[in-house]
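Protein sequence lines, in the order shown, are assigned to chains A and B.
Under the numbering used here, the residue at position 51 of the first sequence is numbered 85, and the numbers go up by one with no gaps.
Under the numbering used here, the residue at position 121 of the second sequence is numbered 280, and the numbers go up by one with no gaps.
Keeping only pairs whose Cα atoms sit at most 16 Å apart, straight-line, the calculated EDC-like set for lysine to aspartate or glutamate is:
#1 B:K407 <-> B:E419
#2 B:K463 <-> B:E482
#3 B:K481 <-> A:D455
#4 A:K451 <-> A:E466
#5 B:K543 <-> A:E425
#6 B:K614 <-> B:D630
#7 A:K451 <-> B:E514
#8 B:K407 <-> B:E437
#9 B:K497 <-> A:D130
#10 B:K402 <-> B:E428
#11 B:K407 <-> B:E304
#12 A:K457 <-> B:E514
#13 B:K497 <-> A:E122
#14 B:K497 <-> A:E128
#15 A:K62 <-> A:E73
#16 B:K200 <-> B:E415
#17 A:K463 <-> B:D502
#18 B:K543 <-> A:D447
#19 A:K451 <-> B:D502
#20 B:K543 <-> A:D420
#21 A:K457 <-> B:D448
#22 A:K375 <-> B:D609
Hints were generated in silico from the structure; no laboratory data involved.
No experiment lies behind these values; they were computed from the predicted model shown.
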Amino acid sequence: MKKLLMAAAAFGTALPAAAQTVAVTNAKLVIGDGSAPVEGGTVLVRDGRVVAAGPGVTVPAGVPVIDAEGRWVTPGIFAGFTRLGIVEVDGVSETDDSAASSSPFNAALDISPAVNPKTSAITLNRAEGVTRAVVAPEARGSIFAGQGAVIDLGADMDAVSKPRAFQFMEYGETGARRAGGSRPAAIALFRNALFEARDYARNPASFADRGKDALLTRADALALQPVVTGQVPLLVHVERASDILVMLDLKREVPALKLVLVGAEEGWTVARQIAAAKVPVLASALADLPASFEQLAATQSNIGRMQAAGVTVGIGTINDNEARQARLVKQYAGNLVALTKVPGASGLDWGQAFATISSKPAEAMGMGGEFGSLRPGRRGDIVLWDGDPLEIGTAAVRVFIDGVEQPVETRQDLLRKRYFDPKEGALPKAYER
Amino acid sequence: MIRIIIGAAAAASLAACTANAGDKPRSASAAPAKSGPGVGKGYDRNPYPSTYKAYPGVPTLLTNVTILDGEGGRIERGAVLFRDGKIVEVGPSIDAPEGAVVIDGAGKYVTPGVIDVHSHLGDYPSPGVQAHSDGNEITGPVTPEVWAEHSVWPQDPGFSRALANGGVTTLQILPGSANLFGGRSVTLKNVYARTMQGMKFPGAPYGLKMACGENPKRVYGGRGRMPSTRMGNIALDRGTWAKAVEYKRRWDRYEENGGEAPARDMAMETLRGVLAGEIIVHNHCYRADEMAIVLDMAKEFGYKVGTFHHAVEAYKIADLLKERGTCAAVWADWWGFKMESYDAIEENLAILEREGACGMIHSDDANGIQRLNQEISKVRAAAKRAGFVIPEEIAWKWAAITPAKALGIDAVTGSLKPGKMADVVLWNGNPFSVYTRPEKVWIDGALLYDMHNPKLRPVSDFELGQPGSGDVK
Chain A
35 MKKLLMAAAA
45 FGTALPAAAQ
55 TVAVTNAKLV
65 IGDGSAPVEG
75 GTVLVRDGRV
85 VAAGPGVTVP
95 AGVPVIDAEG
105 RWVTPGIFAG
115 FTRLGIVEVD
125 GVSETDDSAA
135 SSSPFNAALD
145 ISPAVNPKTS
155 AITLNRAEGV
165 TRAVVAPEAR
175 GSIFAGQGAV
185 IDLGADMDAV
195 SKPRAFQFME
205 YGETGARRAG
215 GSRPAAIALF
225 RNALFEARDY
235 ARNPASFADR
245 GKDALLTRAD
255 ALALQPVVTG
265 QVPLLVHVER
275 ASDILVMLDL
285 KREVPALKLV
295 LVGAEEGWTV
305 ARQIAAAKVP
315 VLASALADLP
325 ASFEQLAATQ
335 SNIGRMQAAG
345 VTVGIGTIND
355 NEARQARLVK
365 QYAGNLVALT
375 KVPGASGLDW
385 GQAFATISSK
395 PAEAMGMGGE
405 FGSLRPGRRG
415 DIVLWDGDPL
425 EIGTAAVRVF
435 IDGVEQPVET
445 RQDLLRKRYF
455 DPKEGALPKA
465 YER
Chain B
160 MIRIIIGAAA
170 AASLAACTAN
180 AGDKPRSASA
190 APAKSGPGVG
200 KGYDRNPYPS
210 TYKAYPGVPT
220 LLTNVTILDG
230 EGGRIERGAV
240 LFRDGKIVEV
250 GPSIDAPEGA
260 VVIDGAGKYV
270 TPGVIDVHSH
280 LGDYPSPGVQ
290 AHSDGNEITG
300 PVTPEVWAEH
310 SVWPQDPGFS
320 RALANGGVTT
330 LQILPGSANL
340 FGGRSVTLKN
350 VYARTMQGMK
360 FPGAPYGLKM
370 ACGENPKRVY
380 GGRGRMPSTR
390 MGNIALDRGT
400 WAKAVEYKRR
410 WDRYEENGGE
420 APARDMAMET
430 LRGVLAGEII
440 VHNHCYRADE
450 MAIVLDMAKE
460 FGYKVGTFHH
470 AVEAYKIADL
480 LKERGTCAAV
490 WADWWGFKME
500 SYDAIEENLA
510 ILEREGACGM
520 IHSDDANGIQ
530 RLNQEISKVR
540 AAAKRAGFVI
550 PEEIAWKWAA
560 ITPAKALGID
570 AVTGSLKPGK
580 MADVVLWNGN
590 PFSVYTRPEK
600 VWIDGALLYD
610 MHNPKLRPVS
620 DFELGQPGSG
630 DVK
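Chain A on its own, in the form it takes in the complex (with noise of 0.2 Å):
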């Protein structure tokens, strides 16, 4: 982003200036790391990244200073599961590359190239607080869907963070479905490519003259490499609890594997396997129907339980508008806070619950070190609220990522203000903006 801002800043476009080193005083400090809020808290920023942030914390000459007023201020919020910037409108397919069902690739798509940062659902989000997001393309043609990446969410032209941070997968019902028609055919697939990718990575120059014969294209070998070694993670939807199971034998046999469970409805009921597997989870959130039968045991206490038994869960929101609405995640996480206050229900403290929309996701991504939290070396990507960032209606005043200052107007404050007044005038409303 930093690079862009200066190329960007030479062609004269109108960007917000670019304060990467600056420090909020005074604050209802949140670190993100699920520990409680602090008052009067400080986060120091330099060169994009967190330097510090605590009550105790001194701010060097010459950092500009925001001061708080004693509001709240977090790490922005780290969407961990999500197709942000690579759909416009779901009923437009012309705008939708989450997928596509008549390419001969499947693991070999890389999502990043498709990313737009001028994309509606991008600013809107921005505007209530989201910096970062896991973006993930969808399985069609096969179980494999490609490889996912990690965005910012800023009002500049490079959002991608990191290009092709993982490989994303479907398994449970879905996977069977693009598998042919069943698990075991996933499963067969599955195996099929992870011999085929080594075969790749012990002879390239053979991969490529193996024609028709091939399950595998070349790309798609050369794409799953890295999920052999270990060296990029693997994201695996999957809800019912033998499917689960089924997931930590495969990482048994494969231990170099990167193994993250997305959605894991049914993750309560085998929570210590996944617990002493140390396999992370991307869960969802409020998700409580018996929508299939692979989350019969679906529950709002999932993520509790899960976190209660040592799972590292962070909320994804798979199957639910993952292309628009990741800032639901901060109400989803508001409600786990809700059930601790239910007889027999699992919630999470309000620092946990935070957590799993900043640190924990992060985490589970690999990426806890960079991103999800205001611990010192990470991304200096920091909200400003006007009140509990988990209640409804709290609003995300000032937002900053890598230390930079965004815009938050979006095109649905400019209608507002056009109908604010519904009536027509001397002029049509067209002519009002």
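Chain A is already provided as a structure; the job is to place chain B on it using the hints.
Relative to the frame of chain A, chain B by itself:
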């Protein structure tokens, strides 16, 4: 969400289209009989009657509690008394009658039960498998003859979630929006029963689901048949209404004058009910310009549009909606999933309220119905930032008396007024807060959910013995 819009519906349509069953039944008899069957008595208007019976309750007094009465009234540290299924008294202080259960509601809120004017529970139940996909008769664009109640599976686990997490006591089940005329809706009390009729709201009028815009033209245009355009939508609508007007004329004449009864046509019977004002139109319609056209179409054929559902652009025509007396049922923050939802703003409902138009919240979603209180809270908060201050007690109308009016049941539910059904929610805090949950829910005075009592947590037949059965969910 998108599933509901057209349903995952079967590509394989087994039946030929029976939608345009408008062949003119001939009335053979030129001379009317001496006495007709009587106005409104040509056929049974209620062949599948409600068998719902209120469950027993005990006289209950809630004290020391913040009351939002659902009609815009508010009492701090007030009291609500209900007995024999009815609200008896609401006021600052009420003496406990002998034998009454008294609940101290300090720090808590009491509201009328949440009413969702737009649900597909039972018709698109969980699990959402094809075998359960019963919400869209997607075999023809004009199917006013289908009745949503004939699809309702009363064991849908979604009813329990709407009750326990959402405080929903009444809901309207609508056919989907694949069709221009989707069929009749049914209003249910949110009380599990063995049969649909056991849930059916006694005396609630029927609704007719209609749809504008992208869904009908996409579904049928995709099959190479009319409608494939918005102009096709309206053309088919008008042709159908014209037949309905004629059908009504023939039946009215028969009911008034007697003679030989015209042949019955189930599609036209529904539309005749609309033209006669017995059936309320619930029209799925997003865009301001389309809503305006539909309002003129209603004028052309002599019916009234009760409520536009989804009404994403209602805020642009608040004045027109007010003038025509048509309501808008909307979401707080759904947007962008198709072109006609592209201009959604969170202040939609607030602008309608400020302009004096009729607006309400709705869910259209098995998850959203569990948090309609939070959805109205979003609208309030967005509105406040934009400069519309809407008090909590006014905002609660959007989930109570206004949907009750839209469903034609406001005389009996939708607010905490003496004599009304005791459909009541006790919240464990401020229901506009994300941290608040329903603590107890009464329907007709019967305690049907209690957060503190695991036995007062319904488990549908489907969930019995399944993984997670009986959990708090």
